[in-house]
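Input sequences plus hints: build the corresponding full structure.
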Amino acid sequence: MRRVAGLALLLGLALAACAALAGHPPRPHERAFPEGFRPPISVATGRPIHGWGGQWQAPPGAETLSPSRTPILFIHGNTVDATYWEEARQWFRNAGWNDEELWAPSYGWGSTEQFDVNDLTAPTLDAFVDEVQRYLGERRGRPVRQFDIVAHSLGVTAVRQWLTQSNRWHQVRSFVAVAGANHGVWTARLDARGPSRNSSFELYRGSPWLAQLNAGGEVPGAMRVMTLYDGTGRYDMLFPDRYKDSPALAGAVNVAFNREAGIWNGGYNHLELPRKPATLAVISGFLGAGHEPLPNAAVPTIVRAGDRLQAAPADARLHCAGAGRYPDAATKPLSAVQLSPGQWLTCYAHSSVSGLSSPMARYAAAPSAPPDPAPLQLHASPELGPYAQPLNLTLTASAPDALIVYSILGRTPDSGSALYRGPIYLPAPVTLTAVAMTPDGRRSAPLRLRYDVSLAHDEVLHSLQRQLDPGAPLPD
1 MRRVAGLALL
11 LGLALAACAA
21 LAGHPPRPHE
31 RAFPEGFRPP
41 ISVATGRPIH
51 GWGGQWQAPP
61 GAETLSPSRT
71 PILFIHGNTV
81 DATYWEEARQ
91 WFRNAGWNDE
101 ELWAPSYGWG
111 STEQFDVNDL
121 TAPTLDAFVD
131 EVQRYLGERR
141 GRPVRQFDIV
151 AHSLGVTAVR
161 QWLTQSNRWH
171 QVRSFVAVAG
181 ANHGVWTARL
191 DARGPSRNSS
201 FELYRGSPWL
211 AQLNAGGEVP
221 GAMRVMTLYD
231 GTGRYDMLFP
241 DRYKDSPALA
251 GAVNVAFNRE
261 AGIWNGGYNH
271 LELPRKPATL
281 AVISGFLGAG
291 HEPLPNAAVP
301 TIVRAGDRLQ
311 AAPADARLHC
321 AGAGRYPDAA
331 TKPLSAVQLS
341 PGQWLTCYAH
351 SSVSGLSSPM
361 ARYAAAPSAP
371 PDPAPLQLHA
381 SPELGPYAQP
391 LNLTLTASAP
401 DALIVYSILG
411 RTPDSGSALY
421 RGPIYLPAPV
431 TLTAVAMTPD
441 GRRSAPLRLR
451 YDVSLAHDEV
461 LHSLQRQLDP
471 GAPLPD
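Note that the numbering used here has the sequence shown beginning at 1, numbered continuously upward.
Derived by calculation from the structure, the hints in this document are not laboratory data.
We put the CB at the ideal spot given by N, CA and C, even for glycine.
There may be inaccurate statements among the hints.
The following label-pair restraints were derived from C-beta to C-beta distances [stated by the list, open to error]:
#1 Glu30 <-> Gly96: 20 to 26 angstroms
#2 Val303 <-> Thr431: 19 to 25 angstroms
#3 Lys276 <-> Arg421: 37 to 43 angstroms
#4 Arg308 <-> Pro277: 31 to 37 angstroms
#5 Gln55 <-> Asp241: 29 to 35 angstroms
#6 Gly96 <-> Leu334: 34 to 40 angstroms
Structure representation (structure tokens):
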């Protein structure tokens with residue numbers, strides 16, 4: 001298949017073709033949330049999100065609504081919405097899940113005229129998870145500590161970006177990533193224009209955005225991860241032969257479904273992969289095999305005494321990694337860790353008994369010299385403002401041994417948030433908050449930055465008026 005200049009047209013045709021093959025015409029938006037649920041505002045649209053979930057009613061005589069299964073969040077891909085998951089919802093109902101355990105947000109535009117963007121989707125997902133936790137916690141009378149997530153296409157990379165930026169790995173029990181562009185998609189290009197340009201900047205093969213996403217490990221924490229994708233290079237038109245294993249993640253259970261099933265005629269395409277009985281059986285089987293967290297168990301914590309780390313309670317173990325890497329389920333569990341000078345460790349505590357983990361956190365040995373009395377400063381370059389093209393943001397701390405973390409979710413980052421490893425590639429409009437911290441315990445004031453990498457700004461720069469009068473001032 002040859003590349004064409006109009007990426008928006010190509011992706012729109014690809015999705016329309018897949019929809020036709022799947023036999024599912026577009027359906028209207030659905031807002032089917034329960035009374036008392038407060039739909040968050042979509043960062044992309046500026047409006048309350050659509051979607052469904054939480055409509056289960058207690059059987060007659062039941063005293064409380066207290067389902068035993070971990071709730072599932074279904075996260076759709078680009079240019080569609082929560083109605084995409086109707087077949088999956090019915091499958092899981094038939095398999096024994098009830099509607100209070102099944103949720104799906106419509107986080108973006110749901111239109112081929114407005115493409116969704118990972119960096120704008122991640123904050124919306126963060127707000128949606130907060131609200132589902134609040135609602136279910138009040139309904140059940142106890143905290144909802146973990147979710148399962150089934151994501152498709154752009155939803156996969158959006159979920160991974162949300163986890164990286166939020167440091168909420170410990171709140172995901174199992175993650176099924178279907179046909180995600182984890183290592184690029186062939187239709188994403190640097191010369192893209194029109195409504196697809198921001199998502200193209202994120203997802204072209206070898207992009208700095210994907211390098212940031214995959215840095216330090218592709219399946220951090222104790223969560224179970226399975227990918228599911230075509231694998232033949234024939235049926236998912238977004239992942240032809242040279243891209244056929246792009247959806248796989250290092251450290252995950254990778255299921256190249258069509259290839260492993262030996263389906264060389266009539267294999268499932270991009271939109272069919274998470275909606276057919278054969279693949280839904282694989283997905284539900286993977287989720288059902290997970291360890292259900294004990295509802296009243298203590299959440300593990302990391303206890304520091306001097307330069308020694310230990311996990312609590314007694315059955316919990318530490319998982320730690322250095323050199324800027326994330327520990328994962330394969331990292332050797334330890335009862336205690338001694339910090340060494342000059343090295344930051346990223347750690348979490350996990351209990352195999354309760355199935356619960358602590359958030360990621362970073363630690364360094366205290367220096368022998370007295371703390372520097374000077375306030376820790378954090379500086380950013382380039383200056384704030386609108387930009388027509390993606391930019392590389394450089395953060396500099398006043399102390400050379402400082403560690404810098406950041407988040408694009410509107411929250412102040414903690415020590416386990418996304419790690420600054422060099423210039424941050426910003427291909428879409430974001431508000432970023434960064435904090436620096438040193439081994440001697442100093443922290444900088446949060447630095448909040450708004451960068452508008454704007455299609456509108458790009459169009460103004462290329463307007464006929466600007467071509468006739470390049471010196472004309474730009475509108476605010």
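- Item | Earlier hints that do not hold, by number | Structure breaks hints 2, 4 and 5.
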